[in-house]
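K.L.:
Next come the chains, spelled out residue by residue.
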Amino acid sequence: MDAFLKSDLRVVALGEVMDWPAVSNPGAPGSQRIWEMIQATWANRGVVEGHGSGLFGVDQINAFAASGLESDHEVRLAQEGLEKLRRGVFLEVRTAASPLLFPLLIKEGITDFSQVSVTTDDRDVAATVELGAMDYNIKIAIESGVPVIDAYRMGSYNTARHFNIDHLVGAIAPGRYADVVLLDNPETVSIKQVYANGKLASKGDEYLLPIAKVDYPDAIRNTMKLGRVIEAKDFTVIAPEGRTEVDVALLEPFYFKPDFMTRKMPVTNGIVLPDASSGITKVAVVDRYHNTGAVSKMFWRGVGPMTPNSALASSQMHDIHNIWAVGNDDAAMALAVNTVADMGGGWALVSEGKVVARIDLNIAGLMTDRPVEEVAAEVEAMFEAADEMQWVGAPGLPERMRFAFLTASPWRWQLVAPYESNPGGLVDVTSGETHPIIW
Amino acid sequence: VPIKSFLFALLLGLTSQATAHLLNMTEVRATIDESGDMHIDVKLDMLRANGTPEAYFEFAQTGSAALQDEQYQAMWQKLQQAIEIHQSGNVFHPSLVNITPPIEPLSAFQSSAAWPMTELSLTAKVNPALPMSMKFRSLFPFEEPIAIGMANSFDDRQRNRWVISNQSGPKFTSKLDPAAPAAAEEREDQWGYLLSALWQGVIHVLPLGYDHLLFLLCLYLAVNSWRERIATITLFTIAHCITLGIAAYRVIELSIAWVEVAIAASILVVALGNLIGNARSFSHWSVVFAFGLLHGFGFASAIRALSLPAESFLASLLAFNVGVEIGQIAALTVMVWGLAMWRRRASFPRLSTVANNILMFAGALLLLMQLHGYQHDSDPNGFRFPDQEHNHAHEDMEIGKTADPGRDSLD
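Chain order of the listed sequences is E and U.
First residue of the first sequence: 1, per our numbering; consecutive thereafter.
First residue of the second sequence: 1, per our numbering; consecutive thereafter.
Next comes chain E alone, as it looks inside the complex (with noise of 0.2 Å):
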């Protein structure tokens, strides 16, 4: 942290401090790294980002403040927001807290908003495309209430003087850089023309210059570190020998409970096998980082696909980002995982033992540079492919998968990429013990 500050000028922040556990509790594992760096970006005189999700009784709020997280983009309750917003937090207001926290803010006599910005969070490509970006987040400010010159420095100057950067841009003054937005209305945000770096970038929303073009280097374009291509043994979950049937230890999206859950699962030929008909399915997590391609698996259940010899995977993986791949088939996912490592990152569908949609993101293996257009088709053409599948639990793509593999609070099991002490991958994330995936 402190040579990042130090070494750019672009690092002005600490993001997303998430797990509150470990910052209010000093005896909760991982306390002491999360403090030290709190401690590196204080001491270069950088902000420190809240995450104040579901701390909403007034000693939550207190000690949320106290502790120095300088903001929170996570108020849901009006009430929240207006005691968080009290206790010199700076909101960042996602349009869905919008019509309830601003009228409150009003009605309590809030006139000076420079506390405040609109953000966003998680927000999918098709809604960016339909409904608008920052543009969006202002007209729904508007429409709750706030006066349109505070709706727009919501979203600039407020947010430039939050991470300390009001001298280089947010405002039009001199010295400063600026993007500027000519609008027809300003209360409705209708845009008319866009300048960017002094050039017109658009007409209302019609975009006129070619993509910005960033030499990004390898280092960020290559990140999908497998070492090797990954073969359906990889995937296979062979039992001890003479064994007729076996424990397995059973996971499923966003399972807390203390312990794993277990079933007695039959031997084929000395393997044990997915069986999507009765929801139990196939998880894995690749390593894309140590050129190992090592491969954890185990069995889940409620999520997967049920058309036969099929499997979803993708780079996306909250918040470690090594390929997670869920199946019934370890062909399919096998083609799932290299499709996902050939693209350089993204995500794969494998339907049938073919791939039937993808989606290409291999800046980071998390984000790519090409047009919005072009994206948001791919991201709709795997929602339509997913649909001609039959999938165990909520039916369509399992998107929330994405998101299924935190190892942070709340979580205790999870099915990690293998380590030197662990080569099965599942662990309790809050003590460290392990366990095998059969037995």
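Hints in this document: simulated from the structure, not taken from any laboratory.
Incorrect hints may have been included.
Calculated lysine to any residue pairs in the SDA-like style (CA-CA distance at most 20 Å, straight line) [stated by the list, open to error]: (1) LYS171(U) x PRO131(U); (2) LYS43(U) x ILE103(U); (3) LYS175(U) x PRO395(E); (4) LYS213(E) x VAL375(E); (5) LYS135(U) x ASP122(E); (6) LYS213(E) x TRP258(U); (7) LYS257(E) x VAL251(U); (8) LYS43(U) x ARG400(E); (9) LYS213(E) x VAL251(U); (10) LYS171(U) x VAL375(E); (11) LYS171(U) x VAL129(E); (12) LYS43(U) x ALA108(U); (13) LYS175(U) x ALA385(E); (14) LYS171(U) x LYS107(E); (15) LYS135(U) x GLU143(E); (16) LYS43(U) x PRO395(E); (17) LYS107(E) x THR52(U); (18) LYS78(U) x ALA381(E); (19) LYS257(E) x SER107(U); (20) LYS135(U) x ASP124(E); (21) LYS175(U) x ALA381(E); (22) LYS171(U) x ARG29(U); (23) LYS78(U) x VAL375(E); (24) LYS171(U) x GLU374(E).
Given chain E's structure and the hints, the job is docking chain U onto it.
P.N.:
Only chain U this time, still in chain E's reference frame:
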């Protein structure tokens, strides 16, 4: 260690959630039967709708009777208004028929690690054969994401998509009958796209492609026999079709500003060639072909601005191209007719020189304009001379002489 783990487990139950916005997401299941009855089941965290955990708990105690309770009528009104069903350009709202509040202790409502969900049943009448979609307005506080699932009871059609408030849900079509109105409307949509792409092609020659037309005139003046004229124009057309396709598929991307500059230069070059009597060398097949390739790139910006629908991209691209050719044929007809009349007159050779002079001048002017405009504008169709913005651009350039070079790039 066990005591510490125990304490920590206790703590976990009391502290925050990293992903509350996924664990209490709104779930919507809509099913449509053959007679058009639509049943919508919604699982919803109504904490925000009630304001506080205590108010939500109190609401839950009312049970299903909360649907009739005077106190909650305004809330239900808002909820029904906020759920929209879109079909054939109409918007209508489902009716709430049943509610099942969560049965949990007050502590669960106050906990930040539990999300008591209320189940709602709504109904609506739709035309099962027509495409439809749902939208959840921010008029009511739905927790996001909103997972919309739509399915038929009579075929295996389903559409599932996560959305946020105010975002259109997936377009749901049934497989009822390929000749049903649903399919017809889709086809109409397709024809609509193709026609609009065709029309865009026409207007990108007449009048937006004035530079393109000037070049055509240059070519036309350059050759004398009909055979050569037809061959020249055909070659030019083939060439620009090739690059239009290449650019549309983004195989090669060129800066539109510099393409425009090069097109202006092409007019200047061929007009000059015509004048100094060296027409053949400047209208030689390979040169015509090369300029044709260049002009194709000129249309690429128009193609990109159209954002053609992915499912009929090739068809729309071809329609655009046909439109361009229609525009070109229309322009050529006028040229042929005008020049044919003129050629018979004695003044033709002299006037031809004048015409070439004008063309050369126009090409030069266009070239200067494009070069100049490139400094501060990127709209390929913008006329870059008047306007206050122009003066500002120059002021900016003056400042630019002292400012850092980073201003001129987007990275």
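K.L.:
For every hint, state whether the structure bears it out.
P.N.:
Hints versus structure:
Taking the CA atoms of LYS171(U) and PRO131(U), the gap is near 6 Å; set against the 20 Å cutoff, the hint holds. For a cut-off of 20 Å, the pair hint linking LYS43(U) to ILE103(U) stands: about 14 Å separates their Cα positions. The suggested pairing of LYS175(U) with PRO395(E) holds, with an alpha-carbon distance near 18 Å, which does not exceed 20 Å. A threshold of 20 Å between alpha carbons decides the hint, and for LYS213(E) with VAL375(E) the separation of about 17 Å falls inside it, so the pair holds.
Taking the CA atoms of LYS135(U) and ASP122(E), the gap is near 19 Å; set against the 20 Å cutoff, the hint holds. For the suggested pair LYS213(E) and TRP258(U), the alpha carbons sit about 16 Å apart, so the restraint of at most 20 Å is met. Among the hinted pairs, LYS257(E) with VAL251(U) is inconsistent with the structure: their alpha-carbon atoms are about 51 Å apart, more than 20 Å. A hinted pair counts as satisfied when its Cα atoms are at most 20 Å apart, and LYS43(U) with ARG400(E) qualifies at roughly 17 Å.
Note on LYS213(E) and VAL251(U): the hinted pairing holds, with a Cα-Cα distance of about 15 Å set against a maximum of 20 Å. Our distance criterion of 20 Å between C-alpha atoms is met by LYS171(U) and VAL375(E), whose separation comes to about 19 Å. A hinted pair counts as satisfied when its Cα atoms are at most 20 Å apart, and LYS171(U) with VAL129(E) qualifies at roughly 16 Å. Between LYS43(U) and ALA108(U) the CA atoms are separated by roughly 17 Å; this keeps the pair inside 20 Å, and the hint holds.
Simply put, LYS175(U) and ALA385(E) have alpha-carbon atoms about 16 Å apart, close enough for the 20 Å limit, and the pair holds. Distance hint between LYS171(U) and LYS107(E) is unfulfilled; the C-alpha atoms sit about 40 Å from each other, more than 20 Å. Only pairs whose Cα atoms come within 20 Å are accepted, and LYS135(U) paired with GLU143(E) is accepted, the gap being roughly 18 Å. A C-alpha spacing of about 15 Å is found between LYS43(U) and PRO395(E), which places the hinted pair at or below 20 Å, so the restraint holds.
For the hint linking LYS107(E) to THR52(U), the alpha-carbon distance of about 17 Å falls within 20 Å, and the restraint holds. Restraint check for LYS78(U) and ALA381(E): not satisfied, since their Cα atoms lie roughly 34 Å apart, outside the 20 Å limit. A C-alpha spacing of about 18 Å is found between LYS257(E) and SER107(U), which places the hinted pair at or below 20 Å, so the restraint holds. A distance of roughly 15 Å separates the Cα atoms of LYS135(U) and ASP124(E); the hinted pair therefore holds under the 20 Å criterion.
With a C-alpha separation of about 19 Å, the suggested pair LYS175(U) and ALA381(E) falls inside the 20 Å cut-off, and the hint holds. Note on LYS171(U) and ARG29(U): the hinted pairing holds, with a Cα-Cα distance of about 14 Å set against a maximum of 20 Å. With a CA separation close to 35 Å, the supplied pair LYS78(U) and VAL375(E) exceeds the 20 Å bound. Annotation: proposed proximity of LYS171(U) to GLU374(E) holds, straight-line Cα distance about 19 Å (limit 20 Å).
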